[in-house]
Amino acid sequence: RKEVEQDPGPFNVPEGATVAFNCTYSNSASQSFFWYRQDCRKEPKLLMSVYSSGNEDGRFTAQLNRASQYISLLIRDSKLSDSATYLCVVFDNYGQNFVFGPGTRLSVLP
Amino acid sequence: DVKVTQSSRYLVKRTGEKVFLECVQDMDHENMFWYRQDPGLGLRLIYFSYDVKMKEKGDIPEGYSVSREKKERFSLILESASTNQTSMYLCASRRGRGNTEAFFGQGTRLTVV
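Those sequence lines, one after another, are chains A and B. Using the working numbering, the letters of the first sequence map in sequence onto residues 916 to 1025. Using the working numbering, the letters of the second sequence map in sequence onto residues 5 to 117.
Hints listed in this document are in silico derivations from the structure and should not be mistaken for laboratory results. A few of these clues could be false.
To be verified - Partner residues aside, some chain B positions facing chain A, computed with beta carbon under 8 Å: (1) F37; (2) P43; (3) G46; (4) A106; (5) Q110.
What the hints assert, rightly or not - Restricting the straight-line Cα-Cα distance to at most 25 Å, the calculated cross-link-like pairs of lysine-lysine (DSS-like) are: (6) B/K75 to A/K960; (7) A/K957 to B/K17; (8) B/K61 to A/K960; (9) B/K7 to A/K957; (10) B/K61 to B/K75.
This one's a predicted model, so the numbers in the text were calculated from it and none came from an experiment. Note that the Cβ used here is the ideal one computed from N, Cα and C, for glycine as well.
Go ahead and model the full structure; you've got the sequences and the hints to work with.
Next comes the structure, spelled out in structure tokens:
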């Protein structure tokens, strides 16, 4: 079983749609969680950290369920510029390194 | 803003060459990482360093070595480049304390011919 798993995608949605990405992780001792965005041929960039209480940044909402070892990202009112690959990332506190999910590609269509 | 800079965007090297990929960060971060990214395989950790002169193997260290002589610089070395090392290489850094995120360099696309 992979350490971090994500919806395989791709997701093709019309502008204005709401889309949700799911992620599960296997290491119950993980403490830090992030969503990164990666555009084609570019480096990953932090979209948002994920906190236990859930957090929101504009159109983006992240949720963490430690009991189920599950992380989600909700994007409301999708824009064309949201088209990218979204990476779920877990920090392994014991190994002191990041574990990346395979990513889910989103295409927002006009 | 944190800046992580990789020395080259694109490199073409011949099989058997020794290749150096350089990464510099300007935020006094303790932790630095080298990943490679391949289609269908995602980001895989090659090596990381949690402080100067410290290094730890990641998931795929074979064929690579690293050097961290100064805090701001983390070098990835391909001792004898092979065609299966053709990939996108990404360097990242992170503050060593707290639940902090990683910042990435722009990536080096290496082609070994």
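> Are the Cα atoms of A/K957 and B/K17 separated by 25 Å or less?
Replying inline: holds, 21 Å
> Given B/F37 was flagged as interface, is its beta-carbon under 8 Å from a beta-carbon of chain A?
Replying inline: Holds. Min distance 7 Å.
> CA of B/K75 to CA of A/K960, is that 25 Å or under?
Replying inline: holds, 22 Å
>> Quick check on the hint: B/P43 CB to chain A CB, less than 8 Å?
In response: violated, 10 Å
>> Can you confirm whether the C-alpha distance between B/K61 and A/K960 stays at or below 25 Å?
In response: holds, 24 Å
> Taking 8 Å as the limit, does the beta-carbon of B/Q110 come near enough to a beta-carbon in chain A?
Replying inline: Status holds, d = 5 Å.
> Under the criterion that the straight-line Cα-Cα distance not exceed 25 Å, is the pair B/K7, A/K957 satisfied?
Replying inline: holds, 15 Å
> Regarding the pair B/K61 and B/K75, is the alpha-carbon distance no greater than 25 Å?
Replying inline: Holds, at roughly 18 Å.
> Can we keep the B/G46 interface hint, with Cβ of chain A closer than 8 Å?
Replying inline: Constraint on B/G46 satisfied, holds at 4 Å.
>> Less than 8 Å between beta-carbons is the criterion; does B/A106 satisfy it with respect to chain A?
In response: Given a least distance of 6 Å, the restraint on B/A106 holds.
Hint 2 from the earlier list is the only one contradicted by this structure; the remaining hints agree with it.
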